[in-house]
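2 protein chains.
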Amino acid sequence: MKNIRIALVQDAERESKEAAFSALENSIAQAAQNGAKIICTQELFPTPYFCRTQDPDLFDLADEIPGPVTERFSEVAKKYNVVLILSLFEKRAPGLAHNTAAIIDADGTFLGKYRKMHIPQDPGFEEKFYFTPGDLGFKTFQTKYAKIGVIICWDQWYPESARLTALSGAEIIFCPTAIGRIAAEPAELGALQREAWLNVQCGHSVANGCYYAAVNRVGTEAGTTFWGTSFVCDFYGRRIAEGSQDKQEIVYADCDLKAMEDHRRMWPFFRDRRIDAYNGIMERFHD
Amino acid sequence: MKNIRIALVQDAERESKEAAFSALENSIAQAAQNGAKIICTQELFPTPYFCRTQDPDLFDLADEIPGPVTERFSEVAKKYNVVLILSLFEKRAPGLAHNTAAIIDADGTFLGKYRKMHIPQDPGFEEKFYFTPGDLGFKTFQTKYAKIGVIICWDQWYPESARLTALSGAEIIFCPTAIGRIAAEPAELGALQREAWLNVQCGHSVANGCYYAAVNRVGTEAGTTFWGTSFVCDFYGRRIAEGSQDKQEIVYADCDLKAMEDHRRMWPFFRDRRIDAYNGIMERFHD
Numbered sequence: 001m002k003n004i005r006i007a008l009v010q011d012a013e014r015e016s017k018e019a020a021f022s023a024l025e026n027s028i029a030q031a032a033q034n035g036a037k038i039i040c041t042q043e044l045f046p047t048p049y050f051c052r053t054q055d056p057d058l059f060d061l062a063d064e065i066p067g068p069v070t071e072r073f074s075e076v077a078k079k080y081n082v083v084l085i086l087s088l089f090e091k092r093a094p095g096l097a098h099n100t101a102a103i104i105d106a107d108g109t110f111l112g113k114y115r116k117m118h119i120p121q122d123p124g125f126e127e128k129f130y131f132t133p134g135d136l137g138f139k140t141f142q143t144k145y146a147k148i149g150v151i152i153c154w155d156q157w158y159p160e161s162a163r164l165t166a167l168s169g170a171e172i173i174f175c176p177t178a179i180g181r182i183a184a185e186p187a188e189l190g191a192l193q194r195e196a197w198l199n200v201q202c203g204h205s206v207a208n209g210c211y212y213a214a215v216n217r218v219g220t221e222a223g224t225t226f227w228g229t230s231f232v233c234d235f236y237g238r239r240i241a242e243g244s245q246d247k248q249e250i251v252y253a254d255c256d257l258k259a260m261e262d263h264r265r266m267w268p269f270f271r272d273r274r275i276d277a278y279n280g281i282m283e284r285f286h287d
Numbered sequence: 001m002k003n004i005r006i007a008l009v010q011d012a013e014r015e016s017k018e019a020a021f022s023a024l025e026n027s028i029a030q031a032a033q034n035g036a037k038i039i040c041t042q043e044l045f046p047t048p049y050f051c052r053t054q055d056p057d058l059f060d061l062a063d064e065i066p067g068p069v070t071e072r073f074s075e076v077a078k079k080y081n082v083v084l085i086l087s088l089f090e091k092r093a094p095g096l097a098h099n100t101a102a103i104i105d106a107d108g109t110f111l112g113k114y115r116k117m118h119i120p121q122d123p124g125f126e127e128k129f130y131f132t133p134g135d136l137g138f139k140t141f142q143t144k145y146a147k148i149g150v151i152i153c154w155d156q157w158y159p160e161s162a163r164l165t166a167l168s169g170a171e172i173i174f175c176p177t178a179i180g181r182i183a184a185e186p187a188e189l190g191a192l193q194r195e196a197w198l199n200v201q202c203g204h205s206v207a208n209g210c211y212y213a214a215v216n217r218v219g220t221e222a223g224t225t226f227w228g229t230s231f232v233c234d235f236y237g238r239r240i241a242e243g244s245q246d247k248q249e250i251v252y253a254d255c256d257l258k259a260m261e262d263h264r265r266m267w268p269f270f271r272d273r274r275i276d277a278y279n280g281i282m283e284r285f286h287d
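As given, the protein sequences belong to chains A and B, one line each in that order.
Quick note on this note's numbering: the first sequence kicks off at 1 and runs consecutively.
Quick note on this note's numbering: the second sequence kicks off at 1 and runs consecutively.
What the hints contain is simulated information worked out from the structure, not anything from laboratory work.
Predicted model, so just to flag it, every value in this text is computed and none were measured.
Mixed in with the good hints, there may be bad ones.
All copies of an identical chain are treated as equivalent in the list; a pair is satisfied when it fits inside any one copy or across any two copies.
[What the hints assert, rightly or not] The list that follows gives simulated cross-link-like pairs (lysine to aspartate or glutamate, DMTMM-like), each with its CA atoms no further than 25 angstroms apart:
hint, residue 1, residue 2
1, Lys258, Glu195
2, Lys78, Glu242
3, Lys144, Asp60
4, Lys79, Glu249
5, Lys2, Asp135
6, Lys2, Glu195
7, Lys17, Asp254
8, Lys247, Asp262
9, Lys128, Asp63
10, Lys128, Glu283
11, Lys128, Asp272
12, Lys147, Asp287
13, Lys2, Glu185
14, Lys17, Glu221
15, Lys147, Glu283
16, Lys128, Asp276
So here's chain A without its partners, still in its complex pose (with noise of 0.2 angstroms):
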């Protein structure tokens, strides 16, 4: 058996970067203390969903990866001797940023980035006027406790996203987010949209036999209300841990990578792919 416990960040905005630095700084300690080996944070977690409007000074949010933030959060990986996953706000050059996760290995070493490859663009939800498509593919990182994934939010919704990082070797799929209802939507539809939410995520783990990982905010923010509801789910699908839709709280799941191999042993789906049938996912519809 090699169980490793993963905690997953859901916390709400926070009065300025500091204060979320410094909250999550307190999360990571209770998280370590109570075994978690690999910690992530919700989806540009220093600041507010800021996308709500397309606003050009909203790039002062920006961040350099690596830079001071990560330097920061290296020092609290090593000092608790954990895995981070940071989902920031990417300052790259004037004018071009990305939403970008900084994976820490457990001694503080940086061990590099993913950038969100799928960019929504629908009201209240303005990304694409941030955020320039990831250009660093699907990845992998080695960390000292288990071959993990990232992928950010939007990039959820795409089988093609779970697949290649699983392809790479993932044992555990983490997805930063921030999804929720507008308040122009009605109650009922958010339900819908949070169980379409759920129900795609899950399909991710079966179809790559590993555990998949999702980090949501809580709380409102001028009419956004995050769902919250981070959860982790078993190559079943199963979800073996789920917060709540409206708590500030640390979630917790152990993931056992010996029951996963013995899981895709008896079903290898990877064994039987059609490699030589799936030219057509490169093309955009079949006319």
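Once you've looked at the hints, dock chain B against the given chain A.
Relative to the frame of chain A, chain B by itself:
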């Protein structure tokens, strides 16, 4: 509103092919009377699930497609003005057979066939012995009532199957299947496997913004208990119809194709696919 009622014929092993054909004719008459416009059988409906052992004599069970079976059911389709999806064992040449679905339009026209692309092989499901992997690719068929796609059983675990079918325009994806628990496995494992089976397929409907219908057997055949649960889910992955785990029955659902388009405009997943970054899908694994 464009509502199409579909019907899934969840049946058990019959004493002969003739009995199975006759039972299906009765089911089609009943479903048509209840307003169904597209009717789908479980996998390999004319026979027991014969892949429990590897026996060359069992190739005698195969039928030519098109051939006498499709000719017989073309008459039935025409009589009731319904689209039929028949899951059959296809004889192609000596020692060359496929697991195939035949699609017949409401005027009796044979529209074509889909050959199962992903073939399993594990104790009690010795399919690689019988079925040559499909060579027709993933397909859709424009029927009188809707544009439909068909995948078969083991295909159901592969997001690529549903994706490629949806990219060809499928509004409803049908999946005849024969899945259950072998006697050697504990009931708890069977329950988990059934849950995984539901989860991954409901995920397909979300990811592709379409309806999805799975049609399974019931009953116990030589120790294998098929778990029924034929279901239809909508584009939220919500099961809008679901059959029992153990009864022969017809499962009905109404598919609202206008609501499906409305939904896709709001969540336009196909708009943002990173077709520049999916090359790795064509590889077995990324070592």
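The hints, checked one at a time:
1. In this assembly of identical chains, lysine 258 and glutamate 195 lie within 25 angstroms of each other by CA distance solely across copies; the values are 21 angstroms between and 30 angstroms within a copy.
2. Proximity of lysine 78 to glutamate 242 under the C-alpha cut-off of 25 angstroms is found in neither arrangement, the shortest distances being 28 angstroms within a copy and 51 angstroms between copies.
3. Taking CA atoms no more than 25 angstroms apart as the test, lysine 144 paired with aspartate 60 passes in neither setting, with 34 angstroms inside one copy and 56 angstroms between copies.
4. Proximity of lysine 79 to glutamate 249 under the C-alpha cut-off of 25 angstroms is restricted to the intra-copy arrangement: shortest distance 22 angstroms within a copy versus 61 angstroms between copies.
5. Proximity of lysine 2 to aspartate 135 under the C-alpha cut-off of 25 angstroms is found in neither arrangement, the shortest distances being 34 angstroms within a copy and 41 angstroms between copies.
6. In this assembly of identical chains, lysine 2 and glutamate 195 lie within 25 angstroms of each other by CA distance solely across copies; the values are 24 angstroms between and 31 angstroms within a copy.
7. In this assembly of identical chains, the alpha carbons of lysine 17 and aspartate 254 never lie at most 25 angstroms apart, being 30 angstroms within a copy and 50 angstroms across copies at closest.
8. Taking the closest pair of Cα atoms, lysine 247 and aspartate 262 never come within 25 angstroms of each other, the shortest separation being 35 angstroms inside a single copy and 32 angstroms across copies.
9. In this assembly of identical chains, lysine 128 and aspartate 63 lie within 25 angstroms of each other by CA distance solely inside one copy; the values are 18 angstroms within and 53 angstroms between copies.
10. With identical chains, the CA atoms of lysine 128 and glutamate 283 are at most 25 angstroms apart within one copy only, with a shortest distance of 21 angstroms there and 30 angstroms across copies.
11. Taking the shortest alpha-carbon separations for lysine 128 and aspartate 272, only the inter-copy value of 10 angstroms comes in at or below 25 angstroms, while the best intra-copy value is 37 angstroms.
12. Taking the closest pair of Cα atoms, lysine 147 and aspartate 287 come within 25 angstroms of each other only across two copies (13 angstroms); inside a single copy the shortest separation is 39 angstroms, beyond that limit.
13. Proximity of lysine 2 to glutamate 185 under the C-alpha cut-off of 25 angstroms is restricted to the inter-copy arrangement: shortest distance 24 angstroms between copies versus 44 angstroms within a copy.
14. Taking the closest pair of Cα atoms, lysine 17 and glutamate 221 come within 25 angstroms of each other only inside a single copy of the chain (16 angstroms); across copies the shortest separation is 62 angstroms, beyond that limit.
15. Taking identical chains as interchangeable, the C-alpha atoms of lysine 147 and glutamate 283 lie at most 25 angstroms apart only when they sit on different chains, with a minimum of 19 angstroms there against 30 angstroms within one chain.
16. For the homomeric pair lysine 128 and aspartate 276, the shortest alpha-carbon distance between copies (17 angstroms) is at most 25 angstroms, but the shortest distance inside one copy (34 angstroms) is not.
When each numbered hint is compared with the structure, violations occur for hints 2, 3, 5, 7, 8.
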